[in-house]
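Q: Line by line, the protein sequences are chains L and H.
With the first letter of the first sequence counted as 1, position 109 gets the number 109 in the numbering used here; the numbers rise by one all the way through.
With the first letter of the second sequence counted as 1, position 211 gets the number 211 in the numbering used here; the numbers rise by one all the way through.
It is worth saying that the hints were derived from the structure and are not from the lab.
Don't take every hint at face value.
[Unchecked claim] Calculated lysine-lysine pairs in the BS3-like style (CA-CA distance at most 25 Å, straight line):
| id | chain 1 | residue 1 | chain 2 | residue 2 |
| --- | --- | --- | --- | --- |
| 1 | H | K201 | H | K191 |
| 2 | H | K176 | L | K17 |
| 3 | H | K166 | H | K191 |
| 4 | H | K201 | H | K189 |
| 5 | L | K62 | H | K40 |
| 6 | H | K289 | L | K62 |
| 7 | L | K31 | H | K40 |
| 8 | L | K133 | H | K126 |
| 9 | L | K17 | H | K208 |
| 10 | H | K40 | L | K84 |
[What the hints assert, rightly or not] Taking CB as the label site, the calculated pair distances span:
| id | chain 1 | residue 1 | chain 2 | residue 2 | range |
| --- | --- | --- | --- | --- | --- |
| 11 | L | G138 | H | A76 | 43 to 53 Å |
| 12 | H | R169 | L | R176 | 36 to 46 Å |
| 13 | L | P123 | H | A117 | 31 to 41 Å |
| 14 | H | S79 | L | A65 | 21 to 31 Å |
Each residue gets a CB set at the ideal place from its N, CA and C atoms; glycine is no exception.
Spelled out from the first residue to the last, the chains are:
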Amino acid sequence: MKIGVLALQGDFDAHRKRLEELGAEVVLVKKPEQLDEIDGLVIPGGESGTFLKLLGEDGFAKLKAFVQSKPTFGTCAGAILLAKEVENPAQNGLGALDIGIRRNAYGRQIDSSIREGKFGDAPIEMVFIRAPKIERVGKDVEVIATEGSDPVAVRQGRTMAATFHPELSDDTRIHRAFLDLIK
Amino acid sequence: MSQNNGSNTSLRLKTGLAEMLKGGVIMDVTDAAQAEIAEKAGAVAVMALERVPAQIRAEGGVARMASPKKIREIMAAVSIPVMAKCRIGHFAEAQILQELGVDYIDESEVLTPADEAHHVDKHAFKVPFVCGARNLGEALRRIAEGAAMIRTKGEAGTGDVVHAVKHIRQIVQEMKILTVLGEEELYAKAKEHQAPYELIKMVAKTGKLPVPNFSAGGIATPADASLVMQLGAEAVFVGSGIFMGNRTSCGHSGDRHTYDDSCAFAPKEEAAKRARAIVKAATHFNDPKVLLEVSEDLTGAMKGLAVAALDEAQMLQTRGW
Chain L
1 MKIGVLALQG DFDAHRKRLE ELGAEVVLVK KPEQLDEIDG LVIPGGESGT
51 FLKLLGEDGF AKLKAFVQSK PTFGTCAGAI LLAKEVENPA QNGLGALDIG
101 IRRNAYGRQI DSSIREGKFG DAPIEMVFIR APKIERVGKD VEVIATEGSD
151 PVAVRQGRTM AATFHPELSD DTRIHRAFLD LIK
Chain H
1 MSQNNGSNTS LRLKTGLAEM LKGGVIMDVT DAAQAEIAEK AGAVAVMALE
51 RVPAQIRAEG GVARMASPKK IREIMAAVSI PVMAKCRIGH FAEAQILQEL
101 GVDYIDESEV LTPADEAHHV DKHAFKVPFV CGARNLGEAL RRIAEGAAMI
151 RTKGEAGTGD VVHAVKHIRQ IVQEMKILTV LGEEELYAKA KEHQAPYELI
201 KMVAKTGKLP VPNFSAGGIA TPADASLVMQ LGAEAVFVGS GIFMGNRTSC
251 GHSGDRHTYD DSCAFAPKEE AAKRARAIVK AATHFNDPKV LLEVSEDLTG
301 AMKGLAVAAL DEAQMLQTRG W
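Let the sequences and hints guide you as you build the complete structure.
A: Written out as structure tokens, the structure is:
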């Protein structure tokens with residue numbers, strides 16, 4: 001099982017470490033053609049606008065085709081990229097998840113926080129950094145984690161996203177849930 | 001329910017934002033228009049400044065925190081993180097910047113130091129700090145004070161990468177040495193580096209700083225960004241290199257060129273082009289094919305100032321200890 005981590009920019013190395021701990025073979029993806037060699041993809045945290053610029057039109061098109069056919073998991077900026085609608089400001093989304101998402105919805109870095117939320121029914125630590133908020137959840141989208149009353153992780157088919165950073169916690173459950181989608 | 005108490009939680013959030021900036025370019029900007037150019041080019045953050053280091057160097061005088069009004073305009077203009085500089089030891093400027101809501105504070109040698117003995121106690125702040133360092137000891141002293149990111153100092157405002165290279169090499173080599181020493185040898189190393197033993201031990205175990213390690217000070221071209229990243233930097237700060245002019249584009253005729261002309265800004269389109277090229281170079285830092293492509297597209301770089309021609313007294317990097 002070869003998992004790609006989009007490595008244009010951001011905390012891709014934290015995802016790489018976590019996936020390798022869980023036994024996956026990891027490829028850092030910087031070029032569109034590398035998408036052809038992998039069974040699943042993680043889009044890490046970082047600056048979603050920077051990702052879009054570095055992808056360019058061709059990279060975006062190729063990535064859009066990939067996320068429609070193979071399992072993909074995005075955290076924070078990755079979740080923004082996977083969404084259908086993006087606000088604050090509006091920007092292009094891959095549309096793999098039928099959700100509306102608002103960038104920097106909690107405020108600035110000073111408002112970043114580590115909170116306890118629920119993954120299914122079980123408590124789990126969530127690291128939010130200049131995090132986005134999921135403001136609309138389409139009917140085919142399953143909410144798999146919540147913080148208070150907010151949906152913070154969702155799944156639609158074999159696409160998953162979290163607005164927090166499981167790669168920055170010691171808990172491996174969220175990444176294991178993603179790897180289960182690939183097996 | 002917020003659970004932001006506890007210094008460990010606080011440090012995880014502070015370094016967490018630095019994690020998100022890795023592989024990216026943080027650009028110095030002096031107003032909202034430059035900030036927009038930087039964001040459009042793909043910068044992961046901007047550093048709000050009154051004057052870029054090359055101007056500070058040429059104009060002299062006391063360099064202080066930028067005006068809060070200017071910083072607020074920059075914050076309103078872009079959606080990426082905004083950083084701002086405070087003077088070394090000037091915790092009151094830092095308090096103002098935290099109140100303003102900047103995302104990172106750079107306690108920077110580029111500004112005129114406010115305290116000759118003490119740096120800011122960065123643990124006392126909720127906002128994260130980045131600090132400059134020339135060697136491992138300096139880096140670990142800043143981390144002990146609460147810095148959540150280290151950047152090599154280089155020599156800001158010169159466009160000469162030689163000291164950015166010197167400092168990243170120095171830090172990486174000093175870390176490598178620690179990894180092969182026995183535990184009993186680390187006590188002497190802590191003394192030599194004038195750094196806390198616990199941090200020395202941590203570096204000996206991992207071979208890395210306990211916080212992200214970026215590079216700054218003289219990075220002016222895509223090749224420069226690639227160079228420091230191949231040497232181990234995890235992201236780059238580009239200051240004067242993007243917005244400062246070169247010989248042919250600053251609007252003066254050849255024979256009127258003096259040192260002061262390095263302070264003329266580059267035309268907007270040229271600055272945007274340089275910014276885009278450096279962003280691509282940071283991502284593809286180990287791919288010469290992409291580096292060639294982005295370098296070929298450029299028409300010039302900032303004029304620059306050779307560090308070797310500077311007197312010790314003109315150096316910014318010796319500020320801080």
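Q: Is the Cα-Cα distance between K166 of chain H and K191 of chain H 25 Å or less?
A: holds, 22 Å
Q: For the hint 43 to 53 Å, verify it against the beta carbon of G138 of chain L and that of A76 of chain H.
A: violated, 32 Å
Q: Compare the distance between the alpha carbons of K201 of chain H and K191 of chain H with 25 Å, and conclude whether the hinted pair is satisfied.
A: holds, 12 Å
Q: P123 of chain L and A117 of chain H, beta-carbon distance inside 31 to 41 Å?
A: violated, 46 Å
Q: K176 of chain H and K17 of chain L: Cα distance at most 25 Å?
A: holds, 21 Å
Q: Holds or violated: are the alpha carbons of K289 of chain H and K62 of chain L at most 25 Å from each other?
A: With Cα atoms ~21 Å apart, K289 of chain H and K62 of chain L stay inside 25 Å; holds.
Q: Would the pair K17 of chain L and K208 of chain H pass a check requiring their Cα atoms to be no farther apart than 25 Å?
A: holds, 15 Å
Q: Is K133 of chain L close enough to K126 of chain H, meaning Cα to Cα at most 25 Å?
A: holds, 22 Å
Q: Do the alpha carbons of K62 of chain L and K40 of chain H lie within 25 Å of each other, as the hint requires?
A: Holds. K62 of chain L to K40 of chain H sits at ~22 Å (cutoff 25 Å).
Q: Straight-line Cα separation of K31 of chain L and K40 of chain H no greater than 25 Å?
A: holds, 21 Å
Q: Cβ-Cβ distance between S79 of chain H and A65 of chain L: within 21 to 31 Å?
A: Between S79 of chain H and A65 of chain L, where Cβ atoms are some 27 Å apart, the hint holds.
Q: Checking one constraint from the list: CA of K40 of chain H to CA of K84 of chain L, max 25 Å. Satisfied?
A: Holds, because 22 Å separates the two Cα atoms, which is no more than 25 Å.
Against the hints set out earlier in the document, violations occur for numbers 11, 13.
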